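Novice: Chain A is already provided as a structure; the job is to place chain B on it using the hints.
Chains as they are written, first to last, in our numbering: chain A, 6 to 134; chain B, 854 to 977.
Calculated directly from the structure, the hints in this document are not laboratory data.
The structure presented is a predicted model; accordingly, all values stated were derived computationally and were not measured.
The calculated lysine-lysine pairs, modelled on DSBU-like cross-linking and capped at a C-alpha distance of 30 Å, are:
(1) B:Lys886 x A:Lys96
(2) A:Lys28 x B:Lys886
(3) A:Lys54 x A:Lys28
(4) A:Lys80 x A:Lys96
(5) A:Lys80 x A:Lys54
(6) B:Lys961 x A:Lys28
(7) B:Lys961 x B:Lys886
(8) A:Lys54 x A:Lys79
(9) A:Lys56 x A:Lys79
(10) A:Lys79 x A:Lys96
(11) A:Lys96 x B:Lys961
(12) A:Lys28 x A:Lys56
Now for the letters of each chain:
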Amino acid sequence: MLVEDTFRVVLIDDDPDLRRLVKLTLEFTAGWEVTTAAGGTEGIEEVRKAKPDVAVVDIMMPEMDGYEVCRRLKKDPQTADIPVVFLTARKELDRARMDEVGAAGVVVKPFEPDQLAGELRALCQGENA
Amino acid sequence: MSTPSPDELRGADELLEEIRREFRAGLPDRLEKMRSALEELARGYDHRAAEGFYRAAHSLKGAAPSFEAHELVEPAATLAELGLRWYEGGAVGAGEVAAALQVLERLKAEMQRFVSRMEGGAAG
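The shape of chain A in the complex, shown without the other chains:
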């Protein structure tokens, strides 16, 4: 069961301004704990360490894209059960690849700050149902 008070998020996005915006939004609109990573390798390590309730991952990143991050997290028994939600522009989304790598869903940018936590929670509940 997901408990909002203890909800923990690892956010992986290469844009520093967006990382700060999403982190602040989730911390202050929902009281969630958010840690961030600027890229896939660092993000996967952070997810392994933090065991968050959800990993929120940008798709288009240098070094390793979001699909690959998700594929690696789902392949690793330590992180396979952690829902992965993509945060991306609608045009960039490849639904077939998203399903193939086992993502729980997607939040389309630009997100509505007061709806972001609710959208993420709903996607994670769907994943865990």
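Specialist: Here is chain B on its own, set in the frame of chain A:
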């Protein structure tokens, strides 16, 4: 963690405004990154420059709407599409750098309009 108090929410508003200010303050750096990559590409195709150009344009396109900078999306998307084509194709077509520089000038003008709009509004 409990629901944020009114004081914490006021603090959040201030932090949010600070993040928005930093986004605006960082726009010239984003522009400069794209311009210097284009200058390098004008001297001949360079894979790292093409990638850097694409990433910078793409990142701006993705971030802009979340900071109410909707006017930046179209020129940034045009530049990102060009950059991706160069990066994936391993070449820059004749006249494409010049075309990209024109779009970059348009992006610069839109950035100035956006900053005026936001800072004019904040001052009023």
